[in-house]
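Peer 1: Could you build all of it, start to finish, from the sequences and the hints given here?
Heads up: the sequence shown at position 31 corresponds to 31 in full-length UniProt numbering, and the numbers run straight through without jumps.
These are computed hints drawn from the structure, not numbers from a lab. Predicted, not measured: the structure shown is a model, and the values here were computed from it. You may find that some hints are simply not true.
Claimed, not checked - Subject to a maximum C-alpha distance of 27 Å in a straight line, what follows is the list of computed DSSO-like cross-link-like pairs (lysine-lysine):
(1) Lys-36 x Lys-93
(2) Lys-37 x Lys-93
(3) Lys-93 x Lys-65
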Amino acid sequence: MINEVDADGNGTIDFPEFLNLMARKMKDTDSEEELKKAFRVFDKDQNGFISAAELRHVMTNLGEKLTDEEVDEMIREADVDGDGQINYEEFVKVMMAK
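Peer 2: Next up, the structure:
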């Protein structure tokens, strides 16, 4: 499965490759419940938002060590309303866009 997702062949799954995998999975299932489950994985404190700290925590657990700049960039890419966090609607847009 890693080889299937590892587009650049470097033996690791970076964040864009992870997003592509998740987006394919979401399109395959096209399930609202699956999206909610995925969002809850990132939203550790269950406040309805994914913060930079929560994103960093999940990505670290996936083996992806990110700099503060990389985490901030990922938040900026998804953060439509500019509040510095990713809400569920923004998460769905990112997941379905790839």
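Peer 1: Sort out whether Lys-93 lies within 27 Å of Lys-37, counting only the CA atoms.
Peer 2: Judged against 27 Å, a Cα distance of about 15 Å means the pair holds.
Peer 1: Next pair to validate is Lys-93 with Lys-65; report whether the Cα-Cα distance is within 27 Å.
Peer 2: The given pair, whose Cα atoms are some 24 Å apart, holds under the 27 Å limit.
Peer 1: Below or equal to 27 Å on CA atoms is what counts here, so check Lys-36 against Lys-93.
Peer 2: It holds: about 13 Å lies between the C-alpha atoms, which stays within 27 Å.
Violated hints are absent here; each numbered hint is respected by the structure.
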